[in-house]
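A.B. asks: Sequences and hints are given; from them, build the entire structure.
The primary structure of each chain is shown beneath.
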Amino acid sequence: MTEKLLTKHFGTENLFRIDVYLKLNGYQSARKAVLEMMPEEILNEVKAANLRGRGGAGFPAGVKWAFIPKDVQKPKYLCVNADEGEPGTFKDRYIMNHNPHLLLEGIIIASFCVGINTAFIYIRGEYEMVAKRLEQAIAEAYANGFLGKKVFGSDFHLEVIVHRGAGAYICGEETALLESIEGKPGNPRLKPPFPASIGLFKCPTVVNNVETLSNMPFIIAFGAEKFRRLGLQNDGGTRIFSVSGKVKEPGIYELPTGISLREIIFNHAGGIQEGKRLKAVIPGGISAPILKADEIDIHMDFDLLIEAKSMLGSAAIIVIDEDTSILDVLKIITTFYSHESCGKCSPCRIGNSWIHKIVMRIKEGKGEKDDIENIIRLASNMVGKTLCPLGDAAGMAILTIMEKFMKEIESCIEN
Amino acid sequence: MIPGLSEKAKNKIKEIIARYPQKQAAILPVLRLVKEELGFIDHEAEKFTAALFDVHPIRVREIVTFYSMLNQSQLGKYHIQVCSNLSCSIMGAQTLIEYLSQKLGIKPGGTTKDKKFTLSTVECLGACEKAPCMMINFEYYGNLTREKIDDILNRLE
Ligand SMILES: Cc1cc2nc3c(=O)[nH]c(=O)nc-3n(C[C@H](O)[C@H](O)[C@H](O)COP(=O)(O)O)c2cc1C
Ligand code: FES
Chain G
2 MTEKLLTKHF GTENLFRIDV YLKLNGYQSA RKAVLEMMPE EILNEVKAAN
52 LRGRGGAGFP AGVKWAFIPK DVQKPKYLCV NADEGEPGTF KDRYIMNHNP
102 HLLLEGIIIA SFCVGINTAF IYIRGEYEMV AKRLEQAIAE AYANGFLGKK
152 VFGSDFHLEV IVHRGAGAYI CGEETALLES IEGKPGNPRL KPPFPASIGL
202 FKCPTVVNNV ETLSNMPFII AFGAEKFRRL GLQNDGGTRI FSVSGKVKEP
252 GIYELPTGIS LREIIFNHAG GIQEGKRLKA VIPGGISAPI LKADEIDIHM
302 DFDLLIEAKS MLGSAAIIVI DEDTSILDVL KIITTFYSHE SCGKCSPCRI
352 GNSWIHKIVM RIKEGKGEKD DIENIIRLAS NMVGKTLCPL GDAAGMAILT
402 IMEKFMKEIE SCIEN
Chain V
13 MIPGLSEKAK NKIKEIIARY PQKQAAILPV LRLVKEELGF IDHEAEKFTA
63 ALFDVHPIRV REIVTFYSML NQSQLGKYHI QVCSNLSCSI MGAQTLIEYL
113 SQKLGIKPGG TTKDKKFTLS TVECLGACEK APCMMINFEY YGNLTREKID
163 DILNRLE
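Protein sequence lines, in the order shown, are assigned to chains G and V. One point on numbering: in the numbering used here, the residue at position 306 of the first sequence is 307, and numbering is uninterrupted. One point on numbering: in the numbering used here, the residue at position 75 of the second sequence is 87, and numbering is uninterrupted.
Calculated from the structure, these hints are not laboratory results. Among the hints, a few may not be true.
Stated by the list, open to error - Quick list of in silico lysine-lysine cross-link-like pairs, DSSO-like style, CA-CA up to 30 Å: (1) K249(G) - K277(G); (2) K47(V) - K185(G); (3) K26(V) - K75(G); (4) K408(G) - K277(G).
C.D. replies: This is the structure we're talking about:
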């Protein structure tokens, strides 16, 4: 049995209620951090834990916090990324629904460490019920003196505000998220400057994913070393894998970082439905380039997946079986990107919509000889030519499908 | 104030604005509230919001047209949003969308004549483990089949 630190108590009835959470030693880590530790000490622990961001990019959380300038007069902000828009991903919903206080504890620890007095939880608009649950949990935390003016009776004060999105995938990108909170359309900003120096309302800002922050209580309670030992040395802890598609038991699986993709699909998620054959797997949300069935003996490690020309991303595993046509996969991916491109950068806006039109035409049985060449040319022209990684992700995802499944696409055009 | 906004909503707007360190951050929450109250956001509502936040109406327009949940026309009493993204499609979402389309006599994007249902297809709803799935207003329904859809729709007033 692998040790679980995020989903451990998910089976406990009414875990989302503060009285139940407190009985399980809840809020002990945040209390310890605020009352017994120096911010520097917390930072060192989080750095030593080698906790890499769970939102997609895998940036080490401790390093990110250390980028926040110490001696500025401006307020600093924490923005919790609960947008969870990456298709295939649903783990943050589970954390917030089952264990909202775990996230709040993480928020208190992060805010105290960095010197933040206002935190926003940016939650996707569709998660209305989850947002209500969070608000309820926040109200309970205020009532217990864990949030508000004197956190645990100390001089530290912290406000937490739930901010609902309104339906836009791009708002999960950290700078688009900031624009959205500022009351603007969610168009990504040019980086640098990074949010750590100029973020929300032009103030230093930390943006962290829900799962990233939910690891903090464990790190404070048991220390960086124990956290590292749970997973990979350079990527400590566990990960919640969202597994969906044609597996027997879709769902979330909290497993050590670095576990093999085959093991997740076949040992944990029960293998492929109806005894069908595996065709392909998308290992990190729809933005991650596809892997063929013979490429799944790979460890779910940020660096190894990059070597394999894919991406660990949000650790959302989408399993595709032999009955699914690759042209349909391509159609869905291009529909998604042409719809969700914010339109700011031309290669992404125009590239995605043209590719989508070509794919739809092939789908209608009107494919032409130079379609493949055109798709590849358009996709190549997105990669590396856009402000935010959406264009790269779209380009790479499309190019990889074209490369690995060329024959199948060709036959769709010929027939 | 826009006509049709309840006293409760007006107070709620004040409350929302007070919550934020910068007033403009309250624009999106206020627009969401207005949408919930009136069902959609028309030009009047845009102008009202612009005045409230002291910005040019075009700024509000930009926001309203950017976010898909800020619809600009009246939807049916029940907004059925079926996920058409990858995991749901692998599990048969397309045939269910066609089934719903036939059953309601409308294409995705359409509203029934009696204004009871609007049918939309949407990107991943973040519930792929229950694929194929849909949302009706804010309620999620997963592991859908035709029979299940019949059953769910039958129970809606
Ligand atoms: C197009 C796009 C969409 C993204 N969507 C999300 C999202 O829904 N949730 C998330 O946590 N991060 C998302 N990210 C990653 C964020 O930009 C950012 O890296 C992350 O929130 C940082 O938190 P972490 O370091 O804790 O992972 C997205 C990035 C891009 C480019
Ligand atoms: S793909 Fe349908 S909910 Fe995620």
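A.B. asks: Now tell me if each hint is right for this structure.
C.D. replies: To see whether the hints hold, each was checked on the structure:
no.: 1; hint: K249(G) - K277(G); in the structure: holds (11 Å)
no.: 2; hint: K47(V) - K185(G); in the structure: holds (17 Å)
no.: 3; hint: K26(V) - K75(G); in the structure: holds (26 Å)
no.: 4; hint: K408(G) - K277(G); in the structure: holds (21 Å)
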